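2 protein chains.
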Amino acid sequence: MKLTTKSRYGTRLMIDLAEHYSEGPVSIGSIAERQGISVKYLEQIIVLLKKAGFIKSTRGPKGGHILAMPPEEIKMGEVLAALEDGLDVSGCVHDPETCDRAEDCKARDLWEVATSAMYNELNSLKLSEMIQ
Amino acid sequence: MKLTTKSRYGTRLMIDLAEHYSEGPVSIGSIAERQGISVKYLEQIIVLLKKAGFIKSTRGPKGGHILAMPPEEIKMGEVLAALEDGLDVSGCVHDPETCDRAEDCKARDLWEVATSAMYNELNSLKLSEMIQ
DNA sequence: CTAATCCCTACCACTTTACTATGAAATAAA
DNA sequence: TTTATTTCATAGTAAAGTGGTAGGGATTAG
Chain G
5 MKLTTKSRYG TRLMIDLAEH YSEGPVSIGS IAERQGISVK YLEQIIVLLK
55 KAGFIKSTRG PKGGHILAMP PEEIKMGEVL AALEDGLDVS GCVHDPETCD
105 RAEDCKARDL WEVATSAMYN ELNSLKLSEM IQ
Chain C
5 MKLTTKSRYG TRLMIDLAEH YSEGPVSIGS IAERQGISVK YLEQIIVLLK
55 KAGFIKSTRG PKGGHILAMP PEEIKMGEVL AALEDGLDVS GCVHDPETCD
105 RAEDCKARDL WEVATSAMYN ELNSLKLSEM IQ
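Chains G and C supply the protein sequences, listed in that same order. Just so we're on the same page, the numbering used here is the position in the first sequence counted from 1, plus 4. Just so we're on the same page, the numbering used here is the position in the second sequence counted from 1, plus 4.
Treat the hints with care, since some could be wrong.
Remember, identical chains collapse to one label, so a pair may be satisfied in a single copy or spanning two.
Stated by the list, open to error - Calculated cross-link-like contacts (lysine-lysine; reagent style BS3-like; alpha-carbon spacing at most 30 Å): (1) K6 <-> K110; (2) K110 <-> K66; (3) K66 <-> K6; (4) K66 <-> K54; (5) K44 <-> K130; (6) K110 <-> K44; (7) K60 <-> K110.
In case anyone wonders, no lab produced these hints; they're calculated from the structure. Computed from a prediction, not measured in an experiment: that's the story for all the values here.
With the sequences and hints as input, model every part of the structure.
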C-alpha cells in the first residue's frame, strides 16, 4: 500500500510549482536542484501531470513549466489520481469484471470504503493549502 | 497504491472465518475450496494473521483455524495493517528519519492525512459487519 | 499406526520500480 | 543564422517485489 516514488516526487513537484507560480515558467533543472531529484526522472513524471492538464510547458531558453491553473483550483486527490493512475486500493473497485466474485464480494465493499475515504479527504485539500 | 493479493486474500480469509465462527476450527483446505485460493498460498497468509493474534490454530485431524476473538471485537483497519505491515502510504509517515526532508516536508503532511483517513474509516468497521 | 492437518523453509518466474542514457525538436537570443 | 537552452520521446536496465509452487516436517484424533 505504499505510494510509488513517482507519486511522491510528482506531488513535491506540484508543490514546488505552486510556490513559484507567480514567477512564470520554471525549468526542470531548477526544480531538480531544489528537490534533489534527477532531471531525467522528473521529465518522465511531469508527462503524467501534463496529460492530466495540471501543467503547461514552453520549450527553448527561458522556457519551462507552470501550473495550468491557480493552485486554489487544484485538488490534491486528483493530482494523486493522475500520478497513481487512480487511487483505487484494488482493481476490482473500478473494474468489477476483472474478478468473477466481485458481484457479491464483501471484501470489495471494504475496498470501496477505503478508497473513497482517502480520495475525499485528499480532495478536500487544495494545492494552495500545501504551501504554508 | 494497490493492495497486494496477500491483503485481499487475507481479508477474504478473515471474513470466511467469521462466517464459520460458530462451527469450531475450520481447515485451510475448506477455506481454499470456498475462496478459490491455493492451500499453500493461504498457509503463508494465515501466518501473518496468527502473529497479529487474530487467529488460533489446532493441528491434527479435526484441527483447523478459528478466530481468536468474536468478530465484533476485530477492527478491519487492524486486520489490514497486519497484512500490509502498516497502512502508511509512505514510509516517512512512520519513519521520518528515512528521509532527510521529512522534518519540514509539506508532502509528508499529506501522506499523514491520507493514511489516517483510511485507517480511521477502516477501523470504524468490525469484522462482524462484513458478514451480511 | 495412519491419516489429516498445521507449520516451516526454500525456490522461482514474472512484473514493477526507479532510475540512467541517448538524442531529437523547438525556440529565444546573439 | 548560429548557438545555447530548454522540453519531448524512447529505450534500456539492475534491483526489488509479487504471487505463487514445492517438499517435507511436526502434531494429533481415531
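(request) State whether the alpha carbon distance between K6 and K110 is at most 30 Å within one copy, between copies, both, or neither. (result) both (23 Å within a copy, 18 Å between copies)
(message) I want to check one pair: K60 and K110. Are their C-alpha atoms no more than 30 Å apart within a copy, between two copies, both, or neither?
(response) Close across copies (23 Å), not inside one copy (43 Å); limit 30 Å.
(message) Reference check for the pair K110 and K44, CA-CA at most 30 Å: within, between, both, or neither?
(response) between (43 Å within a copy, 23 Å between copies)
(request) Using 30 Å as the alpha carbon limit, work out where K44 and K130 are close: within a copy, between copies, both or neither. (result) within (28 Å within a copy, 46 Å between copies)
(request) Can you give me the call for K66 and K6, within, between, both or neither, at a CA distance of at most 30 Å? (result) This pair counts as neither: shortest intra-copy Cα distance 37 Å, inter-copy 39 Å.
(request) At 30 Å max between alpha carbons, let me know whether K110 reaches K66 within a copy, between copies, both or neither. (result) between (55 Å within a copy, 28 Å between copies)
(message) When Cα atoms must be at most 30 Å apart, do K66 and K54 count as within-copy, between-copy, both, or neither?
(response) within (19 Å within a copy, 60 Å between copies)
Violated hint for the displayed structure: number 3, the only one.
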